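*Asks:* Sequence:
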Amino acid sequence: MTRPTPPLRLKKNEDRRLRIGHPWIYSNEVDVSRTPLAAVAPGSVCRIEDHRGQPLGLAHVNPHALLCARILTRDPDTQIDVDFYLRRLRDALGLRMALFSGPYYRLVHGEGDGLPGLVVDRYGDYLVLQTGSAGMEQDLDLIVAALVELIRPLGILLKGSGVARSIEGLPERIEVLAGAVPEHLEVLENGCSFLIDPRQGQKTGWFYDHRRNRHELTKFATGRRVLDLFSYLGGFALPLARAGAVEVLAVDRSASALALLEENARRNGLSQVHGHEGEALETLRQLRDRAESFDLILLDPPALIKSRKDVRDGTAAYARLNDLALRLLRPDGLLFTASCSYHLSRDALLQAVARGASRGSYRVLTEAGQDLDHPYPPAVPEARYLKAFLLHRAEAHDSETPEAETPAEASPTSGLEGADLPIAPKNSQTNA
Numbered sequence: 535m536t537r538p539t540p541p542l543r544l545k546k547n548e549d550r551r552l553r554i555g556h557p558w559i560y561s562n563e564v565d566v567s568r569t570p571l572a573a574v575a576p577g578s579v580c581r582i583e584d585h586r587g588q589p590l591g592l593a594h595v596n597p598h599a600l601l602c603a604r605i606l607t608r609d610p611d612t613q614i615d616v617d618f619y620l621r622r623l624r625d626a627l628g629l630r631m632a633l634f635s636g637p638y639y640r641l642v643h644g645e646g647d648g649l650p651g652l653v654v655d656r657y658g659d660y661l662v663l664q665t666g667s668a669g670m671e672q673d674l675d676l677i678v679a680a681l682v683e684l685i686r687p688l689g690i691l692l693k694g695s696g697v698a699r700s701i702e703g704l705p706e707r708i709e710v711l712a713g714a715v716p717e718h719l720e721v722l723e724n725g726c727s728f729l730i731d732p733r734q735g736q737k738t739g740w741f742y743d744h745r746r747n748r749h750e751l752t753k754f755a756t757g758r759r760v761l762d763l764f765s766y767l768g769g770f771a772l773p774l775a776r777a778g779a780v781e782v783l784a785v786d787r788s789a790s791a792l793a794l795l796e797e798n799a800r801r802n803g804l805s806q807v808h809g810h811e812g813e814a815l816e817t818l819r820q821l822r823d824r825a826e827s828f829d830l831i832l833l834d835p836p837a838l839i840k841s842r843k844d845v846r847d848g849t850a851a852y853a854r855l856n857d858l859a860l861r862l863l864r865p866d867g868l869l870f871t872a873s874c875s876y877h878l879s880r881d882a883l884l885q886a887v888a889r890g891a892s893r894g895s896y897r898v899l900t901e902a903g904q905d906l907d908h909p910y911p912p913a914v915p916e917a918r919y920l921k922a923f924l925l926h927r928a929e930a931h932d933s934e935t936p937e938a939e940t941p942a943e944a945s946p947t948s949g950l951e952g953a954d955l956p957i958a959p960k961n962s963q964t965n966a
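Under our numbering, the first residue of the sequence shown carries the number 535, and numbering increases by one thereafter.
Quick caveat, the hints were computed from the structure, so don't treat them as lab data.
Keeping only pairs whose Cα atoms sit at most 30 Å apart, straight-line, the calculated BS3-like set for lysine-lysine is: (1) 737 to 843; (2) 843 to 545; (3) 753 to 737; (4) 737 to 840.
Remember, it's a predicted structure, so these values are computed and weren't measured experimentally.
Take the sequences, apply the hints, and build the full model.
*Replies:* As structure tokens, this is what we get:
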């Protein structure tokens, strides 16, 4: 049966962004006097028109969201059915198979794969989905049918949680959509085997976006003492240990994440990885007060800026974390610092890092972003959400005297006490 596609007409000149390839439409761009948004059911597919009635394509629509429509196709005659999703998914799969040797990758990355509001991560024979729009939620049966036909996985899990769903008015929903999905799944990455928890873990259970960055950092691992902050399941820590780091202190606030990290270290035979449960900021202060130092520090926090109103406080939090991390960096040491906050620009992150780097002689060796399975359209630069820099400390600080910290009370990592650190005194380190 042909799916109805009621029209949604834009105001004059509000089609300009769409015509250069951007897929988003905001509710204040719709001519509601001619095509009332309120008459559209959430998740519907609508035919988008300019102010003259010329078709611009088909879009998923949610009248209750500010970002009310997401373009699915520029062809208004396309049927949004199983075959549509099969074509999109086949293209996405072909790209990943050309890029990666094994079935461990992000299969669908929203707008980058022509499926805005949908994320699919592949873990071998299992798929974990996230739907961040009412339209993709409405089309789950079509999506699952296409995935089963194309990949024939042993199981498909919907991990329906997160801010995007709440904005769309969607309830939390975690359920198996096809086959069976065990409690833990395996990821093979950078020569290591990881167990992940797709139901209780962050996002779909793993972060593929840093895969290439983790690999690049292993080139600097040999003989290094490493501090991995916000370590999660050990995506950075374990490959660095495998590549020759003499000690890795992995810090995370989540006891369950650290339990899996330590299990992952054991299953890979990496006894030099030590987990520490604690808040990053407080742990950095403890390490500073104990005069600890490291050759390689990894700083990859969760998004500290959730909306524009958080920009000032969130930027201060990034600055404070980077400042304290740089205080622990040895001469000739490296700091890898990253941000996944959409509202923090690349330049703003670099400026936040520069505040701490002004005390010594540092230089940026390179910058990085998300891996190749996280593509984005050229017209949607905001989809390049991951920003990262690798800094090198060229010489000793001008002064080793502790300086007063700039207040960062707004940081979600501040103000919590951590336990004693499971590391040896500085004078016992083999590579000090």
